[in-house]
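Asker: Generate the whole structure from the sequences, applying the supplied hints.
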Amino acid sequence: MVRSNSRDFVVGLFVLVGLAALAYLSFTIGGASWGRRGGVKLHAVFDQIADLKVRAPVSIAGVSVGEVTGISLQDDYRARVELEIDPRVHLPIDSSAAIVTSGLLGDRYIAIEPGAEDRYLGPGEEIVYTESALVLERVVGKFLYNFNTEQQ
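For the sequence shown, numbering that gives the first Met the number 0 gives the first residue as 0, with consecutive numbering after it.
No wet-lab data here; the hints were simulated from the structure. These numbers come from a predicted model, not from an experiment. Be a bit skeptical, because a hint or two may be false.
What the hints assert, rightly or not - What follows is a list of derived Cβ distance ranges for each label pair:
{"#": "1", "residue 1": "P113", "residue 2": "Q73", "range": "21 to 31 Å"}
{"#": "2", "residue 1": "P113", "residue 2": "K52", "range": "22 to 32 Å"}
{"#": "3", "residue 1": "Q73", "residue 2": "D117", "range": "28 to 38 Å"}
{"#": "4", "residue 1": "L21", "residue 2": "S101", "range": "24 to 34 Å"}
{"#": "5", "residue 1": "G11", "residue 2": "R54", "range": "30 to 40 Å"}
{"#": "6", "residue 1": "Y119", "residue 2": "F26", "range": "28 to 38 Å"}
{"#": "7", "residue 1": "Y76", "residue 2": "S101", "range": "19 to 29 Å"}
{"#": "8", "residue 1": "G17", "residue 2": "S95", "range": "43 to 53 Å"}
Using N, Cα and C, we set each Cβ at its ideal position, and we do this for glycine too.
Answerer: In structure tokens, the structure reads:
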């Protein structure tokens, strides 16, 4: 049985292109980036992060400007959230960060509201003004508790 070299070449090329496309889609859908740019590393401390995850987006006015790179528990039992922000974005020192939900039950992300100061946050500095995540179950529980006590 004699094989055609050109047919083997075409099949091999087809398989190679297919594997390259599969690898590209895996990285793209998985959220990985090729040759990641270095961003400005900042952090913020929250009382409650309610299921915020590493790699969650950080946005200003709905535009993604960075991501969450780490989450840890401090000695005072508050959550320290590490952020990496696009180096082209300069945040005033009085900027605030809030953990919000995409839609009613969507994923959590950090929304930054830029301040008005003339001085900007530098690498490693803290966004001091924060608003913790609103936990829907607690809000509903308080509403139901208050509703029941008013009915009695």
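Asker: Would you mind marking each hint as holding or not holding in the structure?
Answerer: We went through each hint and held it up to the structure:
1. P113 - Q73: 21 to 31 Å: With a Cβ separation near 25 Å, P113 and Q73 satisfy 21 to 31 Å, so the hint holds.
2. P113 - K52: 22 to 32 Å: holds, 24 Å
3. Q73 - D117: 28 to 38 Å: Holds: the Cβ-Cβ distance is about 30 Å, inside 28 to 38 Å.
4. L21 - S101: 24 to 34 Å: holds, 28 Å
5. G11 - R54: 30 to 40 Å: holds, 36 Å
6. Y119 - F26: 28 to 38 Å: holds, 33 Å
7. Y76 - S101: 19 to 29 Å: The hinted range 19 to 29 Å holds for Y76 and S101, with Cβ atoms some 27 Å apart.
8. G17 - S95: 43 to 53 Å: Holds - the Cβ-Cβ distance for G17 and S95, about 48 Å, lies within 43 to 53 Å.
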